[in-house]
Amino acid sequence: MRRRECRAIEPLLYLMREGELDRGEAETVGRHVAGCGTCSALLRELRSMDGALERSRAALPEHPHAAAGVAAVMRATGGAEADSRRRAWRGESSGLVGWARTVFGTAAAVATLLLALQSVRDMVQLSALEAHLAVVKPGKDAALRDRLAIARSALQQASPPGVLEAPSAAGLAPDLRRLIASIGGIGGDRAEGWMSALADRYPALATVDPGDGLDPRERAILQTEGKALLEELEQLVNNGEEKP
Amino acid sequence: MGRHTFHTLSGDDASGAALVARCVAGDRTAFRQLVETYQPYAYALAFRLLRDPDRAADVVQESFIRVWGNVESYRPEGRFTTWLYRIVVNQGYDAMRRERRHGRLFEREGWGEHAVAASGSADPERRLEAADLAERVLQIAALLPPKQRMVFTLRDVQDMTLEEIAEAAGMSIGTVKTNLSYARKRIREALNRLEGTDAQA
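Protein chains in written order, with the numbering used here: chain A, 108 to 351; chain B, 922 to 1122.
Next up, chain A with everything else stripped away, as it sits in the complex (with noise of 0.2 angstroms):
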């Protein structure tokens, strides 16, 4: 066990890089660390997180859509169709992900349009799963995420006509059904319910070996986080149904 000192002196350990201690406060860290192996220790592993991240430092993100973002700021500051056109840039910017954040952030909104619509809660699912890669894996999950807009694509055709906009989007179904597979440790009988649910619409589904998958730490993390998301998408449901 650690002795009562090292707990003290613990929050200071954890500011351990140029400038986050005052003299006084580096004096103490310094003469508790020389006599304290547990606490040496734990500096160097501090210090090699941070050696690693150095690397994250340096690189610049690019911004993808650089013209794009100047083009849309001068609209939505230059005048009165300013507000109009800077929707339907995000609209198109933000896709998927723009799209479920706009969702969560009106409850009443969604409930009304899952209770008058079985592929609009198909598509909170997968906006969803979107959303929620996006935090927990980005950069490394692009097959994904084109799944994800493949099976968007279809849910779309599948549609009626005017309710989601719908590219025409054939021979989806086999995409969708690798899909709903790779994550469908999420929510365990709710996964399946929803997956025979679509494989009605889509009898193609049920013909595709749903062997594809993730590695096992991403389906690990999408089995926590996506429960969660699916509790609290259906919670949103749930509220709707009870006051329409």
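Take the hints with a grain of salt, since some may be wrong.
Listed below are several chain B residues computed to face chain A (Cβ distance under 8 angstroms; list not exhaustive) [said to hold, decoys possible]:
(1) E957
(2) P961
(3) A1055
None of these hints come from the bench; they were simulated from the model. The structure displayed is predicted, hence computed values, not measured ones. Quick reminder that beta carbons are idealized off the backbone N, C-alpha and C, glycines included.
Since chain A is already given, all that's left is putting chain B on it; use the hints.
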């Protein structure tokens, strides 16, 4: 190298202030120039906070709209970048809070076990790479509560000083330190839970 992103800008600050002055007079050309010059830096900051290109782009757009709407409140004795970053940080913080998913992984018991239960097959060599470690740290950081995540990102990724963070986030230095210390503690603990279970597997 660490100061790279924040401080390469300081040379431009005089021109930033000059451009803002022209914006106050309604000069659209100056505003366009301002957006073109500073958008890359605003974007880098927003992306680091949100780790999502589209949402970062949205935050940058909202931020510059605010810059245009509030040019009169800019005080030329302060650096333009400091002022801009404060706006971006505010917008970014709001965006983080809208996610409503933060902290879940930490609140749920047994997260470490869950997250690695099936990860025995992960390549052990890969785990040792610094890049991979950084990536994991950033993934874990993305799940911290917004305030801790913000302070951690501004300090350890964006490499701002504590004073700059305090200014941008509207916090006292003490609050910045507390959040930073706690963020690193949580990240380290989450990392160890992952590594620990990996080692047993």
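Structure-based check of each hint:
no.	hint	verdict
1	E957	holds (6 angstroms)
2	P961	holds (6 angstroms)
3	A1055	holds (4 angstroms)
Going down the numbered hints, you'll see the structure goes against none, and every one checks out.
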